[in-house]
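Asker: Spelled out from the first residue to the last, the chains are:
Number of protein chains: 2
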Amino acid sequence: MLTSLIALAFQAAAAPPAPKAADPLPADWKPIPAAELLVMKLADERQVVIRLAPRYAPVHVANIRKLASARWWDGETIYRVHDNYVVQWGDATEKKALPAGVIAQPPAEYDWPRYDAVTRLTRIDPYSTSTGHSADGWPLATNGMVAWLPHCYGMVGVARDLKPSTGSGGDLYAVIGHAPRHLDRNIAIVGRVLEGIEHLSSLPRGTEGGLGLYKEASQRVPIISVRLASELPEASQPRFEYRAANNARFAAWVKARENREPPFFELPAGGSDICNAMPPVRRAS
Amino acid sequence: MLTSLIALAFQAAAAPPAPKAADPLPADWKPIPAAELLVMKLADERQVVIRLAPRYAPVHVANIRKLASARWWDGETIYRVHDNYVVQWGDATEKKALPAGVIAQPPAEYDWPRYDAVTRLTRIDPYSTSTGHSADGWPLATNGMVAWLPHCYGMVGVARDLKPSTGSGGDLYAVIGHAPRHLDRNIAIVGRVLEGIEHLSSLPRGTEGGLGLYKEASQRVPIISVRLASELPEASQPRFEYRAANNARFAAWVKARENREPPFFELPAGGSDICNAMPPVRRAS
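Chain order of the listed sequences is B and W.
The first sequence lines up with residues 1 to 285 when you count with the UniProt record's numbering.
The second sequence lines up with residues 1 to 285 when you count with the UniProt record's numbering.
As the list makes no split between identical chains, a pair holds if one copy fits it or if it spans any two.
Derived DSBU-like pairs: lysine-lysine, alpha-carbon spacing no greater than 30 Å straight-line:
{"id": "1", "residue 1": "255", "residue 2": "30"}
{"id": "2", "residue 1": "255", "residue 2": "163"}
{"id": "3", "residue 1": "20", "residue 2": "163"}
{"id": "4", "residue 1": "41", "residue 2": "215"}
{"id": "5", "residue 1": "96", "residue 2": "41"}
{"id": "6", "residue 1": "41", "residue 2": "30"}
{"id": "7", "residue 1": "163", "residue 2": "66"}
Everything labelled a hint here was simulated from the structure, so no lab data went into it.
Looking at chain B on its own, in the form it has when it is part of the complex:
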């Protein structure tokens, strides 16, 4: 049936059959600490799991952990869904005080002085001089001087006002379209959606001001709760693993991403942008 063959063809496109050299060993899968997982619950059992990036944006992530511990987002909303751009949530009315200990004006954690990628993509992109993966599963870009987390699909950033604001972390967004890499180094990236991005990306688009804001408060999507996994009952903590990148098997995986294989692909690209080679993560078994 053509449909199934189209499906197979597109399976090849989405996740090419990897050569054996690219297969991970069981030990390549490493647990992600529960304190790095942020769990957002929406109605109807919809759940979004975000991995936080404390190494890259420590003050913003400390804020986010405090906001979650204080249950600050519970009862707040997703108030912006901008097609081919971002879904944004937090306090749409800006009437809610920040919990004690949350720093209203963190430093501009937009980049990081040390570039320690353990892979190197073959070709450069228009926004950096090199891209690759950290040993523990983050996409990275560099200009040779500083490093940063790129604005790929599913990455989570801190909404901010005009300068000198950097955003408290109370309002967050996730990328749901083509990577808006022009935001790189202009805004703090604090994490990545590991699971449930479809609960954000398939929401009705907002229409207000051409910005994707919901026009009516009634259109906003209620947030039931946002918690650190480490603060959930142990039985209900989601467990995730990243694939360690500092080994030859991962390097082979990168090459396979850069050169998609027959029978679907006739012409391998010979390269990839970092957003089409996002670090593999999975649910722990």
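Mind docking chain W on chain B? Use the hints.
Answerer: Leaving out everything else, chain W in the frame of chain B:
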């Protein structure tokens, strides 16, 4: 109010206030022929308008025009919604014969021997040696030998089986995620969604086989009709314009896309990938 300021900030991000040099003259807006516009109607007044690219994929586009004239898609469905990838429609059951004159196996119109972009983006991307815009509003990439339409958000391609299939055009997809540029030159691109992409990108995701296929036939989204605008009653023909690219004002617009401006942006990127500099189009007034 913070919300409005966030909004303004993101407005800057989405569409920076262009310098005067980048402003188009009224005469820069050129009509798109009605025979290049494909209008797909879904329930509840949802409408998707696609500009066809006959110059780049003439045989596939001729097929698509014949399929529309024969009302081949009427009553068919959107049967695949794959998050961060594609929405696909056509005949999910593969039981429908092609109309007379439709070529079941067109040539592989994956690239084009002449690269005639009239702009040049400052930096290269991992998938080409140069990118730019055609005079009449198409994004283009080249390797110095051939040219092709890149798989950017909203671009429309022809689903195909494994080689040597090129797809008839009966099954089409639109990109709804980060640009899958690895598909470039492996598949025929035949157009671009000009309006209504949100009616595709916000559909519930399919779950079947990890491919985004809807598991149950009842989940498929019915297509009411697909018509060439030129075959609609004149009063109901949508009219669109592209912005002519062969002028200094457009070159200034490209520079503005590559270097987003204060007060929101502190660090301009100095470059852009072609998918973040998609040719402007608009409804004709």
